[in-house]
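**Q** Chains Z and H, in that order, give the protein sequences.
According to this note's numbering, the first sequence is numbered sequentially starting from 1.
According to this note's numbering, the second sequence is numbered sequentially starting from 1.
A couple of the hints might just be wrong.
As the list claims (entries may be wrong) - Below 16 angstroms or equal to it, Euclidean Cα-Cα: the simulated EDC-like pairs (lysine to aspartate or glutamate) are:
| id | chain 1 | residue 1 | chain 2 | residue 2 |
| --- | --- | --- | --- | --- |
| 1 | Z | K317 | Z | D281 |
| 2 | Z | K317 | Z | D289 |
| 3 | H | K58 | H | E89 |
| 4 | Z | K425 | H | D42 |
| 5 | Z | K134 | Z | D241 |
| 6 | Z | K413 | Z | D364 |
| 7 | H | K84 | Z | E213 |
| 8 | Z | K393 | Z | D281 |
| 9 | H | K84 | Z | E396 |
| 10 | H | K160 | Z | D281 |
| 11 | H | K84 | Z | D403 |
| 12 | Z | K425 | H | D33 |
| 13 | Z | K413 | Z | D403 |
| 14 | Z | K393 | Z | E337 |
| 15 | Z | K317 | Z | D378 |
| 16 | Z | K151 | Z | E111 |
| 17 | Z | K425 | Z | E396 |
| 18 | H | K84 | Z | D215 |
| 19 | Z | K349 | Z | E490 |
| 20 | Z | K134 | Z | E175 |
| 21 | Z | K134 | Z | E122 |
If you are wondering where the hints come from, they were derived from the structure by calculation, not from laboratory data.
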Amino acid sequence: MSGRKRKASRLRKITRREFLKGSILGAVGSMVAACMPSAEPTPSPEAAPTPTPRPPAPTPIPTVPKAQEAKFLVGQNFFGDMNPYSNWITASAEVTNHIYDTLVKWDERQENIMPYLAESWEVVDPNTWLFNLKQGVKFHDGTEFTAESVKYSLEEIQVGDYGMAFTSLFTVPMEITVVDQYTARVVTETPYSCLLPNLTIVGMLNPAQTKEEIDVAPIGTGLFKFVSLEGNTIVVEAHEDHWRGMPQLSQITFEYVEDPTTRIVAVRSGQAHIAERIPVDRVKELEEDPASKVIVAPTHETTRWTGRFSGPWGDIKLRQALSHAVDREALVDAFLEGLFPVAAAPCAKSVYGYPPNLTPIPYDTDKAEALLAESTYDGSEIEFVGPAGYHPKNAEIMQAVADMVAPLGINIKANPMEVGAFIEKALSPDFPGLMYASSVSWTGDADLIIVFNYYGGVNVTGYDNPEVNAAFEASRMTMDEDERRSKLQECFRPLWDDYSSVHFYETVQVVAMAQNLENWPTPPTMLLVAEPDTHLS
Amino acid sequence: MGRYVLNRLLQLILVLFGVSIAVFLILRVIPGDPAALMLPFDAPREQVEHLREVLGLKEPLHVQYLTFISNALRGDLGDSFRWKIPATELVLSRLPATLQLTVAAMAWAVVLSLIMGVLAGTRQGSLVDRLVLALNSLLQATPSFWFGLVLIIVFALRWKALPAMGRGSIEHVLMPSFTLSLVMIPTLALTIRTNLHQILHEDFVRTARAKGLSEAVVLLKHATAPLLISLITILGMQFGQLLGGAFIIEVVFAWPGIGDLTLQAIRARDYTVVQAVTLIVSGVFVLVNLFVDLSYAFIDPRVRLGRGGR
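Work the whole structure out from these sequences, hints included.
**A** Right, here's the structure in full:
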């Protein structure tokens with residue numbers, strides 16, 4: 001054995017002993033080490049250099065108690081980027097609605113549209129709108145909000161990137177002109193009476209920011225400033241110079257927590273202050289705990305089951321039969337604690353344009369049987385697909401419906417699917433079965449429900465009803481608000497008489513809050529956005 | 001030895017190549033369209049098609065794969081469809097959380113399995129042995145997500161002793177890592193028990209005892225090294241299982257790691273992120289196992305790696 005080799009083997013021997021000792025120590029050591037918070041915070045997109053300068057940092061006001069930091073647990077993962085127009089995800093919209101202000105807002109009763117960043121507006125002619133903007137409104141970076149922002153925002157929505165979800169909100173092309181610093185003119189290609197309700201959800205962008213900057217570090221005029229996005233956590237802090245005054249909450253941390261039990265326990269144990277998407281069967285538990293309160297509130301959403309009108313669903317007798325064969329009350333009682341009101345119209349009561357004069361479809365198996373006999377349905381299997389878990393208890397409900405109608409000879413096969421797979425199936429033009437869908441208006445206005453679900457045969461189900469189309473077109477053309485509303489209401493009567501869907505229930509939202517959280521609104525848009533007077537007592 | 005490591009590293013490249021093809025194809029075979037999932041359900045058809053084009057999903061599959069692999073070789077795994085930042089950056093930002101969780105879980109598992117294994121292994125057939133075996137079976141049969149929720153209800157809700165969710169302080173890591181360690185404990189404890197029992201009947205142990213050494217010294221000084229070999233083998237093999245378990249535990253405890261990220265990315269069909277996670281995690285897994293194999297040579301002088309090795 002050469003000297004070199006001997007040396008090497010001795011070296012290895014020592015290393016081996018050290019290794020042995022080390023590994024025993026290591027087992028204990030790693031436990032301690034693993035328990036330590038990581039020294040380096042994980043890099044966040046916010047850490048990337050932001051080209052736009054940070055606001056002229058007014059140092060945090062020391063008089064604001066630390067206790068005014070609220071934690072909000074969302075039950076749906078964030079879309080990803082921070083662009084307010086890129087998606088319809090409620091959790092993301094909740095965050096961006098804290099950061100951005102809109103031109104107009106609904107009043108609390110959802111009756112009238114109120115000024116917000118726009119102080120007033122004027123309909124010059126059916127195609128022309130003039131918006132007078134509030135003066136002295138500051139973006140989070142200190143720059144002033146002007147008509148340039150309106151132009152930039154509305155142009156960005158239309159042409160900025162066709163991949164953005166909000167693009168489909170505006171179905172009529174608009175041209176925006178800056179009249180002066182505080183006046184913007186919007187000219188629509190055709191009369192577009194629903195412009196105002198649509199604008200209630202369009203946050204005004206900072207024209208100094210590019211789309212790429214907005215994606216990672218948005219700057220708006222809203223009550224709260226974006227601070228950071230890290231993992232599943234987004235932090236915003238109070239905007240001191242907000243035109244409505246500085247909000248009482250100094251900071252809000254939004255965190256995505258998938259498991260509802262974890263969300264509930266976090267609120268009940270004081271780790272969080274507000275949690276959304278609480279299952280209805282947990283209401284009692286939250287009510288009974290003195291540390292928490294629970295809010296059960298209406299929304300703009302109804303659920304329904306529908307199909308393509310080119311297929312078996314095109315037979316009105318089958319639609320009627322199924323509609324009378326389902327005991328909606330029993331389903332709501334069995335699965336939803338009786339909390340969800342059975343639908344009495346194709347849209348929820350809170351929606352602007354809700355028709356007050358319709359009545360729920362009665363459960364009547366004799367009638368269903370008779371109608372079924374008149375239909376062309378031959379007893380073959382109807383596949384019923386739905387996005388499992390997307391609506392509360394929908395997988396169970398689908399199976400219950402299949403069992404409920406089976407004795408009448410309607411052969412439904414329930415197929416709850418993963419959301420992505422469901423969408424692919426439901427959107428494929430030759431799918432002949434039933435789908436679990438919802439009608440929701442993000443703006444709170446019936447216009448969106450009609451245009452997305454029922455107008456002119458361009459919707460997913462291919463529904464095309466001349467009566468609906470005529471009333472809807474009239475609603476778009478009129479500049480008289482009362483007339484617009486009654487035209488929207490008129491759209492729903494033919495939809496109801498036509499049994500266009502099996503309308504099921506109006507969704508109810510359940511929100512858990514810490515007992516000391518005050519004045520956090522729970523509007524029917526399901527967007528839970530803090531107000532200036534929201535605070536922890 | 002050097003050649004052995006080199007060989008194994010070449011194997012790593014082959015593994016990653018295979019994984020890249022598999023994950024690329026699986027993602028595109030399963031139903032679900034990233035573009036349709038990014039837009040509202042009722043978005044116009046042409047808008048969905050346009051977005052598919054923007055995302056590069058309209059190219060033929062082999063072109064998409066070649067673009068992906070040639071960029072990947074340059075270290076670019078593409079931008080996340082949703083987060084609009086490089087997928088690698090996204091995954092690496094979440095990796096420390098998962099590693100922290102798995103290492104802490106391993107520490108729990110090693111300590112608890114050693115206690116259980118030694119108690120049972122040194123007293124095989126006794127009441128203690130049977131109790132440990134019973135506990136072991138119970139742990140094996142316990143679903144980890146359920147156990148996690150029970151812990152949350154007891155420690156966070158009843159006793160308010162630990163936070164229910166999230167990451168931050170030492171307290172945050174205790175419950176999730178303990179829950180995750182359950183994935184590993186049954187196998188580990190059982191291996192230690194069996195091995196220890198065998199080791200204690202070996203000649204060198206009899207010699208040590210004959211020298212008059214106390215049982216504690218025999219255990220600590222003579223039985224430890226051979227035990228470590230099996231311990232490390234199991235740790236290496238179970239590392240993958242631990243990572244898999246972390247995917248569930250991260251969801252229960254809202255732990256912002258890669259498991260949670262992957263789940264979101266799969267639901268959203270954020271292809272680039274799923275690809276990046278799979279490649280990076282496979283790489284880590286292969287490296288861990290390489291490290292395990294190398295460590296044998298350190299622990300047991302009889303083991304030779306590479307050419308002529310046994």
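**Q** Take the hints in turn and mark each one as holding or not.
**A** Hint by hint, here is what the structure shows:
1. A threshold of 16 angstroms between alpha carbons decides the hint, and for Z:K317 with Z:D281 the separation of about 36 angstroms lies outside it, so the pair is violated.
2. Between the alpha carbons of Z:K317 and Z:D289 the distance comes to roughly 50 angstroms, so the proposed pair goes past 16 angstroms and is violated.
3. For the hint pairing H:K58 with H:E89, the CA-to-CA distance comes to about 25 angstroms; that exceeds 16 angstroms, so the pair is violated.
4. A threshold of 16 angstroms between alpha carbons decides the hint, and for Z:K425 with H:D42 the separation of about 14 angstroms falls inside it, so the pair holds.
5. Between Z:K134 and Z:D241, the direct Cα distance comes to roughly 14 angstroms. Compliance with the 16 angstroms bound is thereby established for this hinted pair.
6. Among the hinted pairs, Z:K413 with Z:D364 is inconsistent with the structure: their alpha-carbon atoms are about 22 angstroms apart, more than 16 angstroms.
7. This hinted pair checks out: H:K84 and Z:E213 have alpha carbons roughly 11 angstroms apart, not beyond 16 angstroms.
8. Proximity of Z:K393 to Z:D281 is assessed by CA-CA distance (about 10 angstroms); at most 16 angstroms being required, the pair is judged to hold.
9. At most 16 angstroms may separate the alpha-carbon atoms for a hinted pair to count; H:K84 and Z:E396 exceed this at roughly 37 angstroms.
10. A distance of roughly 23 angstroms separates the Cα atoms of H:K160 and Z:D281; the hinted pair therefore is violated under the 16 angstroms criterion.
11. For the hint pairing H:K84 with Z:D403, the CA-to-CA distance comes to about 45 angstroms; that exceeds 16 angstroms, so the pair is violated.
12. About 10 angstroms separates the Cα atoms of Z:K425 and H:D33, which keeps this hinted pair within 16 angstroms; it holds.
13. Restraint check for Z:K413 and Z:D403: the C-alpha separation of about 9 angstroms stays at or below 16 angstroms, so the hint holds.
14. Straight-line distance between C-alpha atoms of Z:K393 and Z:E337 comes to about 11 angstroms, which keeps the hinted pair within the 16 angstroms bound.
15. Among the hinted pairs, Z:K317 with Z:D378 is consistent with the structure: their alpha-carbon atoms are about 12 angstroms apart, no more than 16 angstroms.
16. Straight-line distance between C-alpha atoms of Z:K151 and Z:E111 comes to about 27 angstroms, which puts the hinted pair past the 16 angstroms bound.
17. Only pairs whose Cα atoms come within 16 angstroms are accepted, and Z:K425 paired with Z:E396 is rejected, the gap being roughly 20 angstroms.
18. Restraint check for H:K84 and Z:D215: satisfied, since their Cα atoms lie roughly 7 angstroms apart, inside the 16 angstroms limit.
19. Our distance criterion of 16 angstroms between C-alpha atoms is met by Z:K349 and Z:E490, whose separation comes to about 15 angstroms.
20. Of the supplied pair hints, the one linking Z:K134 and Z:E175 is violated, its CA atoms being roughly 21 angstroms apart against a limit of 16 angstroms.
21. Straight-line distance between C-alpha atoms of Z:K134 and Z:E122 comes to about 15 angstroms, which keeps the hinted pair within the 16 angstroms bound.
Of the hints listed earlier, those the structure fails to meet are numbers 1, 2, 3, 6, 9, 10, 11, 16, 17, 20, in rising order.
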